[in-house]
Amino acid sequence: MRLLLDTHIALWAIADSPRLPAAARRLILAPENEVYVSAASIWEISIKHGLGRGDMPISGETALGYFRAAGYRLLPVQPEHAVAVETLPPLHADPFDRLLVAQALTEPLRLLTHDETVARYNDTILLVR
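The letter at position 4 of the sequence shown is residue -4 when you use my numbering, and the numbering goes up by one with no holes.
In short, the hints are calculated from the structure, not lab data. Ideal Cβ positions, reconstructed from N, Cα and C, are used throughout, including at glycine. Be aware that a few hints might be false.
[What the hints assert, rightly or not] The calculated label-pair distances, taken between Cβ atoms and stated as ranges, are:
no.	residue 1	residue 2	range
1	TRP35	LEU83	15 to 23 Å
2	ALA74	THR116	13 to 21 Å
3	MET(-7)	GLY44	31 to 39 Å
4	LEU43	ALA7	14 to 22 Å
Whenever a hint applies, use it, and build me the whole structure from the sequences.
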């Protein structure tokens, strides 16, 4: 399975955080799965860390290094992903989450999220709690 990690799932995974749901951990560690992190997540981390947001304890540069060390594949933002955002219903206001959904649906990838609102976009999105 090709998995796209939402930003917090990706951060919890590289930190081996107890906040990472067991189901997410199993999927990420399964050798048959390809795990992707979007450039949009790195952008989100960079912006929020630069603003001093407590929920982004590491810089984008540090996160990128950890994602690479973990063997995650990096997904660039393509013009088709940006265009796909406008076709999404207005379920969620966060532009980063909307872009991740658009990327997952366009590629296709299974978006792994802990956000119930994000999961409402499509039944291919995997909600882990």
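* Within 31 to 39 Å or not, the Cβ separation of MET(-7) and GLY44? -> holds (36 Å)
* Return holds or violated for the Cβ distance of ALA74 and THR116 against the range 13 to 21 Å. => holds (20 Å)
* Whether the CB-CB distance between LEU43 and ALA7 falls inside 14 to 22 Å -> holds (20 Å)
* **C-beta pair TRP35, LEU83: status relative to the range 15 to 23 Å that was hinted** => At roughly 21 Å between Cβ atoms, LEU83 and TRP35 fall inside 15 to 23 Å, so the hint holds.
In the structure shown, no violation is registered for any of the earlier numbered hints.
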